[in-house]
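Asker: Protein chains in written order, with the UniProt record's numbering: chain A, 1 to 296; chain B, 1 to 249.
Heads up, some of the hints might be wrong.
Said to hold, decoys possible - To be clear about the criterion: a stretch of chain A counts as covered by chain B if any three or more of its residues have a C-beta under 8 Å from a C-beta of chain B, and this derived list gives those stretches:
| # | region |
| --- | --- |
| 1 | 38-44 |
| 2 | 54-65 |
| 3 | 76-82 |
| 4 | 97-103 |
| 5 | 204-212 |
Keep in mind that the hints were calculated from the coordinates and are not lab data. All values derive from a computational prediction rather than experimental measurement. By construction, the Cβ of each residue, glycine as well, lies at the ideal position given by its N, Cα and C atoms.
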Amino acid sequence: MAYVALSEAEKTFILHGVEEDFRCDGRSRRDYRPMELETALVSNASGSARLRLANTDILVGIKTEIDVPDPLTPEFGKLEFFVDCSANATPEFEGRGGSDLAQELVLALENAYESPLAFDYRTLCLIPGQQCWKLYIDILILECGGNLHDAVSLAAKAALHNTKLPRVTASLLDAGVTDLIISDNPYDCTRLTIDTVPLLVTVCKIGDYCLVDPSAEEEVCSPVSIVVSVSMRNGEAFLSGSHMTGGGAMHRDTMRNCLDLGLSIGEQLNTLLAKMLKQEEERVGPKRPKTVGFLK
Amino acid sequence: MAGNFELLSEQGLRLDGRRPHELRHIKCKLGVFEQPDGSAYMEQGNTKVLAAVYGPHQAKGMKAETNDVIINCQYSQATFATAERKNRPRGDRKSLEFKMYLEQALSAAIKSELYPRSQIDIYVEVLQADGANYAVALNVATLALIDAGICLNEFIVACTASLSKNSIPLTDISHTEEVSGGPMLTVAALPTAEKIAFLEMSERFHIDHLETVIETAMAGCREIRDILEAAVREHLLHIGSAADWARVG
């Protein structure tokens with residue numbers, strides 16, 4: 001993680017702010033920082049999204065490939081996550097410096113997406129046991145301003161929403177061999193449903209209180225935090241995984257509170273993301289202005 | 001790879017509809033990020049590159065022995081940047097080659113005597129690759145260095161050039177032109193001083209043509225320099241408007 005040097009006095013100030021429910025940037029403990037979202041800005045990828053959560057900048061590109069399903073799950077498609085911590089974010093990530101953090105993020109996402117109830121792998125199946133889609137979800141971290149888990153999961157979900165899979169028709173040839181015909185028309189495509197796709201919510205413990213969306217400074221003050229992955233199904237929030245990060249420990253009751261807070265925030269976040277995606281969809285409608293990207 | 005089809009049509013237009021001497025559309029911005037000391041973003045056609053500069057700061061580790069400035073670059077390319085997915089963003093031979101070339105060209109531009117015993121880190125991230133990757137990476141690195149306030153002798157800009165079958169030189173080669181064969185020449189230049197800091201060419205053509213192809217690339221460099229300069233001026237007016245610089249113009 002990007003290294004932030006804070007003195008004892010600064011840490012105490014942040015701690016007191018959290019206790020008063022009035023953080024350094026004026027937020028309460030349950031508030032998120034402002035977000036910007038843009039989709040479809042990488043033309044070489046099947047789907048892409050860029051999310052900026054205050055100073056955290058994430059770019060996700062999704063590439064597709066046709067693969068053979070696992071023999072144990074013949075009706076399932078495949079997802080592969082890859083996180084690259086760009087040295088643009090901090091010089092510590094130069095060379096292999098960011099690989100530990102990248103690995104942690106990949107594991108968190110894999111855990112969250114593991115349940116077929118959280119992500120419907122059947123939609124990626126073409127011919128059971130023979131052919132399926134494999135989606136490479138490549139996440140690029142361009143700037144770290146705290147709360148990477150949440151930002152990464154939001155961007156990944158937005159990119160999945162943006163992903164266009166070309167329509168595939170299969171024809172049966174001799175000896176049970178199937179031949180796939182992939183549509184050349186870029187508009188002849190299917191989209192993924194992302195209603196149940198999980199989001200990660202980091203609940204951070206500072207002093208005796210729990211808060212969401214910690215900034216880089218707040219992360220330094222927190223001994224332990226818990227990452228809760230929340231999947232929505234029929235309007236209800238379900239827990240699809242969780243793990244703890246940081247060196248400290250927390251009481252069972254505190255953990256229970258953290259999970260509850262994470263679930264309720266996850267639900268709000270999901271609604272917010274749906275709203276942002278809808279706005280984005282309207283913006284990229286027929287009267288589509290040029291993609292803004294980093295030129296804003 | 002042998003050139004299978006012609007780079008110029010009978011009407012004198014290229015594969016993407018440009019005339020031989022035309023650059024692709026360039027858009028750039030300085031100061032895209034908060035954390036680095038300097039950052040910039042540039043689009044040249046469909047090639048999109050981000051750069052961040054950290055430093056000058058104290059050199060670390062073994063490198064601290066020398067008295068000169070240490071220029072440290074990293075070139076990485078997003079796994080989704082090309083049509084075919086790449087497995088590694090950096091560390092392959094092409095990235096290491098580009099890293100070396102970037103360090104080489106930027107050393108020629110940075111006023112090294114002002115930064116003894118210090119290190120300047122330049123990180124380049126290619127988000128979308130569509131030809132002339134090295135040239136765009138160098139141009140955006142120049143902008144990021146300017147944003148970081150590091151003294152340069154002059155703008156260092158790079159441009160590519162090629163030669164069509166009937167010996168007409170082409171500026172700013174796109175990816176389709178790159179892979180359809182034909183020679184490619186990359187020049188990194190200090191355009192006002194008319195100095196060439198770095199030159200690389202692949203494939204072959206007759207030495208008689210070398211002069212015209214280099215001149216084409218240099219003309220491209222001068223054009224890009226003007227665009228970059230305009231962007232820097234605009235950026236300065238924008239950030240300096242609070243201090244009433246706008247009237248200085």
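Asker: Each of the hints needs a verdict: does it hold here or not?
Answerer: Hint-by-hint comparison with the structure:
no.: 1; hint: 38-44; verdict: holds (count 3)
no.: 2; hint: 54-65; verdict: holds (count 7)
no.: 3; hint: 76-82; verdict: violated (count 1)
no.: 4; hint: 97-103; verdict: violated (count 0)
no.: 5; hint: 204-212; verdict: violated (count 0)
Hint compliance for this structure: hints 3, 4 and 5 are not met, and every other hint is.
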